[in-house]
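Protein sequence lines correspond, in order, to chains G and C.
Numbering-wise (my numbering), the first sequence opens with residue 29 and increments by one.
Numbering-wise (my numbering), the second sequence opens with residue 29 and increments by one.
No lab work stands behind these hints: they were computed from the structure.
Don't take every hint at face value.
If chains are identical, the list can't say which one is meant, so a pair holds when it fits in one copy or spans any two.
[Said to hold, decoys possible] Using 27 Å as the maximum straight-line C-alpha spacing, the simulated DSS-like pairs for lysine-lysine come out as follows:
1. Lys649 <-> Lys177
2. Lys93 <-> Lys196
3. Lys46 <-> Lys407
4. Lys35 <-> Lys649
5. Lys649 <-> Lys196
6. Lys578 <-> Lys305
7. Lys428 <-> Lys177
8. Lys407 <-> Lys242
9. Lys305 <-> Lys317
10. Lys317 <-> Lys407
11. Lys617 <-> Lys600
12. Lys407 <-> Lys177
13. Lys191 <-> Lys649
14. Lys177 <-> Lys113
15. Lys35 <-> Lys428
16. Lys196 <-> Lys305
17. Lys600 <-> Lys410
18. Lys617 <-> Lys578
19. Lys578 <-> Lys177
20. Lys196 <-> Lys242
21. Lys93 <-> Lys428
There are 2 protein chains.
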Amino acid sequence: MSEAAQKNPLVLFMPSGKRGRFPVGTPILDAARQLGVYVESVCGGRATCGRCQIEVQEGNFAKHKIVSSLDHISEKGPKEERYEKVRGLPDGRRLSCSALILGDLVVDVPQDTVINAQVVRKAATDRVIERNAAVQLCYVEVDEPDMHKPLGDLDRLKLVLEKDWGWKDLLIAPHLIPELQAILRKGNWGVTAAIHRDMDSSRPFIVGLWPGLKNEAYGIACDIGSTTIAMHLVSLLSGRIAASSGTSNPQIRFGEDLMSRVSYVMMNPDGREAMTKAVREAVNSLIGKVCDEGQVDRHDILDAVFVANPIMHHLFLGIDPTELGQAPFALAVSGALQYWAHDIDIDVNRGGRVYMLPCIAGHVGADAAGATLAEAPYKQDKMMLLVDVGTNAEIVLGNKDRVVAASSPTGPAFEGAEISSGQRAAPGAIERVRIDPVSLEPRFRVIGVDKWSDEEGFAEAAASVGVTGICGSAIIEVVAEMYLSGIISEDGVVDGSMAARSPRIIPNGRTFSYLLHDGEPRITVTQNDIRAIQLAKAALYAGIKLLMEKQGIDHVDMIRFAGAFGTFIDPKYAMVLGLIPDCDLAEVKAVGNAAGTGALMALLNRDHRREIEQQVNRIEKIETALESNFQQLFVNAMAMPNKVDAFPNLSTVVTLPERKVLADAEGGEGGGRRRRRSRE
Amino acid sequence: MSEAAQKNPLVLFMPSGKRGRFPVGTPILDAARQLGVYVESVCGGRATCGRCQIEVQEGNFAKHKIVSSLDHISEKGPKEERYEKVRGLPDGRRLSCSALILGDLVVDVPQDTVINAQVVRKAATDRVIERNAAVQLCYVEVDEPDMHKPLGDLDRLKLVLEKDWGWKDLLIAPHLIPELQAILRKGNWGVTAAIHRDMDSSRPFIVGLWPGLKNEAYGIACDIGSTTIAMHLVSLLSGRIAASSGTSNPQIRFGEDLMSRVSYVMMNPDGREAMTKAVREAVNSLIGKVCDEGQVDRHDILDAVFVANPIMHHLFLGIDPTELGQAPFALAVSGALQYWAHDIDIDVNRGGRVYMLPCIAGHVGADAAGATLAEAPYKQDKMMLLVDVGTNAEIVLGNKDRVVAASSPTGPAFEGAEISSGQRAAPGAIERVRIDPVSLEPRFRVIGVDKWSDEEGFAEAAASVGVTGICGSAIIEVVAEMYLSGIISEDGVVDGSMAARSPRIIPNGRTFSYLLHDGEPRITVTQNDIRAIQLAKAALYAGIKLLMEKQGIDHVDMIRFAGAFGTFIDPKYAMVLGLIPDCDLAEVKAVGNAAGTGALMALLNRDHRREIEQQVNRIEKIETALESNFQQLFVNAMAMPNKVDAFPNLSTVVTLPERKVLADAEGGEGGGRRRRRSRE
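Bound-form chain G, shown alone (with noise of 0.2 Å):
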């Protein structure tokens, strides 16, 4: 080894792979900021914080030319003794401020770094969020008031903490003018900073300011939907979860949809307020719920990221959404937005900032951009569909070249409104069902039961439960069951004359309904449960269509499924039905609560926001109901699976039935008609 490599070991961090050569002696935290390893540390090298724990490998890492060794690092000094006999290291564990690099060494930063031992959570999202959080604390030790140098004590803070940590232009939060002066005495000139980074101002701002070391701050990631508001409370030192909690949206004592809200402020003079107050009621005590959880106090809470759908998104902030139940559907604001915490009345502490992410379009919200941040087409080679399926489905088509994205109106039936027995997901309601082909017998799972219906034991299992009516996803199967055993024709209508073959089959005035239960309820699925299913998933597909008519693609790569809806159907038969077009079944995935996982992105790391408010400025907004083709696109989905459209991929694992017609008893717009307005 060459006398220069002797004097300048090798250090190689993992898992990012960064290396370099230092000095003898110089400490490993500085040499990981040199090469931009992220390690945190709060109290700037003074072994007091405890954040900046690295490992040690030991070893002949023959690949990377480095023998590792326990002797090229320097013994524990009397600072990290001092840490480690006051709060406690791992085995293994060193602090990197203080120790020294004295040969070659492979370096290990763990992921998991947590001070005082609190309860750790299950992980919200299996995917590991870089970090870079918006806010920053740092710990300096103040100078003295001065007569010769009159400076203010703010101003000496300032200095310090550019001197020590390099923030240039400081700012600071208005309501901590008044009470610095305490606090840095308090300290005995100690304080720790929290230091925003990520204000819209672009210069960085003094949020928070506590006297000695504060070695622990948090934020929320919250998704604010029109039934369910989601939250993650997470540390923004360790990006550990706290906690993760729910709450229904207090609003729908307004109205269940969206629109019946809109409704509401439209009819009452201070309804958009009363609503305003609702909903910010609810995050505060979604905050106390999971402050409670992971045992937090809620004024350490120094940030926050929201998402939401378009009119949830304007009630929020306090704007009328009336404009977005009505053409244009104009958005007040589409951009993010960034706010205190406290103008909207959201209560943490007094310095803790707010981030909205922008909106896509008017029906096309923040919740949206969630989860295009989380499932990013924007970086796929591949062509990725993303759709979140609520009321309003949100579809995001695209790679890293274009990406295109629309709302279409699928109506409250994939949620069992508008389903004569269906219900939301909760114990008792079917969640599973097949069909047999020749019997036409079914057989199905309830939620709450373990046995399949058809399996011994089932009733006595189920007794306690009930069998109440049909969740959304047992809808889709139903459908798809009744269409694949031949009970409905492609056009959806349930054929009277099965009625010979099963008594299930049974007249229900003009039409025929399907006897899923006989028990009390009867669950039953009529004609028009059929049609409700046809008109939602015609929505869905026109929409998806349309964006790959716009993309000018027959088929997708993959497909990802956001929220609830997609976590609990089965890909097979959304595809049987046509929800969504023909794909590779391994590459049709549930993704849970992506607008969620966005926000939390959005909050760890604030070069997601940036990157989302760049990706949504480039993704196409298509408006549908200006589509001159979408009607047609509608018509064409309203068979099934599709009427003119393929599924290569699908018919390699279901046998697809014939294609059979039959009059539509109702006389309405199935069949017939709609195949003469068919492509040729």
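Could you slot chain C onto chain G? The hints should help.
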């Protein structure tokens, strides 16, 4: 003339003298903009705001080689004619947005363009303040919502503000977000935005929004003194002073002087809060007063600049001033600050901003910074002494090379407190005094009476107001005249032996007094009064002398008295007394409320904010208490005019008495002992 010159006429703008060639047909406003000539415009060239008025000067301007003629400007077009018909246009005035260049022109940009013909007030100051206000009004026509491009209302507003006015990266005051839908629609998509371009964020901010054309915006400049709060209300668009007024500081009820107010805070748990509330309420009612006088809606106030001494500064901002009452006199904050007016309870437009000038030191506040900005010693070739005399005297000394500053505790004697017959300047107060050096008989003038006391008819004239006491200016004069007439020695001892010459020298315990007026009340000047004045003037002079020593100079070139005290005293007597060092009397001037003028400058031109921020950083602050020779300078300055310093300029206009030393009857620190300690 060349063809090119004919196609590109020469245009000269006055009074700026900027000139350039522009293609025939260029609007004069565009030409002004290109040359950087400041011409206001709100409507953006639509000929509706009338702010961009100019006048063409006719004639042969040989010096500039320009023959300027009304034929060289286009006729009034229909837009301009409509404006003239509806709003009126003074004779000779043209709208520069509509008038096109047809040939060589000399264009006058009038400084008095007043719209809506409001009352014009007396100018607060003679100086012309070049305008570059932080707030600009910009009328725009926003694109209507478009389903194909679903940008929010705010986002389209920002786009057109960038397109028409060049504003990039605009932010918006949060309170406007819920309001903008209605404003845009009420204005039928034509709105006026108030842009604040001096936010501490450095990004321009939409702080106000009105439907249609909003053609006026105001600001306030305010000096919060311990005794009086003074305020100007001024148009940000024309610089016109709409009203100027003052009110007493209601904190007087918590303590007459600053230190007693600090004590009140220390002794009363809610003292700080009560005083903050009191001063903010007083500012708010003064805003009401100037708005009434100027016939202005307080919600049209969008910007405000405040100056104050450090204790008032802190109390106004809600900061505990206790630290300022004791060494090391630590300011909580010394740098300039910005707030939303709303955040500190100032009741103007909800988007109104507040700018606080920086403080120079613990006893040299933002008011001194304002005075420094107004008088600009840092721009002078000559050495300027700027003093503001109050309970503390603020002293700034310097030129373009170097500026030093200090405060000196003069106490309240100059304001008439601690003086046996002292009173505030009010009708009945003696304001001028002369003593006949032979007879020792006085004559004086009284505020509210035209005649001198020895003129015929004085008694009758004075009967209504009475002769009630001595105000600050007369205290200086009477002591100086007593010295000049030999009644007191240079050490300030009343010469009891003179009692033989005049019945006005009367015994008073172990000392003697001078009977100034034998009425009801009886007005005398006692030995104690003279001691109080000596202590005050010695403190001031010693502070000045200390700064002169720092500068290495033995004389100053010019002296500026800021504040009310300086306005009424006669510089000659101030010099006889030795308040100020020797100087050519023609170079000693009172500059009135220079602090308020500085605030006005910072209000009307944001460049002055940067200027004073930079200068305050440059100024060297001297803490007199820490200077070892301050005590000696103080002792020397007890003598009249000074024990050791010569007054050659003063000697040319006043014959100073020969030195005469008397034993101090009180056996105090006067006379002999001090002389023994004086310089060799």
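Evaluated hints:
no. : hint              : in the structure
1   : Lys649 <-> Lys177 : between (58 Å within a copy, 7 Å between copies)
2   : Lys93 <-> Lys196  : neither (40 Å within a copy, 51 Å between copies)
3   : Lys46 <-> Lys407  : within (23 Å within a copy, 54 Å between copies)
4   : Lys35 <-> Lys649  : neither (58 Å within a copy, 48 Å between copies)
5   : Lys649 <-> Lys196 : between (39 Å within a copy, 24 Å between copies)
6   : Lys578 <-> Lys305 : neither (41 Å within a copy, 62 Å between copies)
7   : Lys428 <-> Lys177 : between (56 Å within a copy, 21 Å between copies)
8   : Lys407 <-> Lys242 : neither (38 Å within a copy, 46 Å between copies)
9   : Lys305 <-> Lys317 : within (18 Å within a copy, 37 Å between copies)
10  : Lys317 <-> Lys407 : neither (36 Å within a copy, 61 Å between copies)
11  : Lys617 <-> Lys600 : within (11 Å within a copy, 93 Å between copies)
12  : Lys407 <-> Lys177 : between (54 Å within a copy, 23 Å between copies)
13  : Lys191 <-> Lys649 : between (47 Å within a copy, 23 Å between copies)
14  : Lys177 <-> Lys113 : neither (40 Å within a copy, 62 Å between copies)
15  : Lys35 <-> Lys428  : neither (46 Å within a copy, 52 Å between copies)
16  : Lys196 <-> Lys305 : neither (38 Å within a copy, 34 Å between copies)
17  : Lys600 <-> Lys410 : within (21 Å within a copy, 90 Å between copies)
18  : Lys617 <-> Lys578 : within (23 Å within a copy, 78 Å between copies)
19  : Lys578 <-> Lys177 : between (67 Å within a copy, 16 Å between copies)
20  : Lys196 <-> Lys242 : within (22 Å within a copy, 38 Å between copies)
21  : Lys93 <-> Lys428  : neither (37 Å within a copy, 63 Å between copies)
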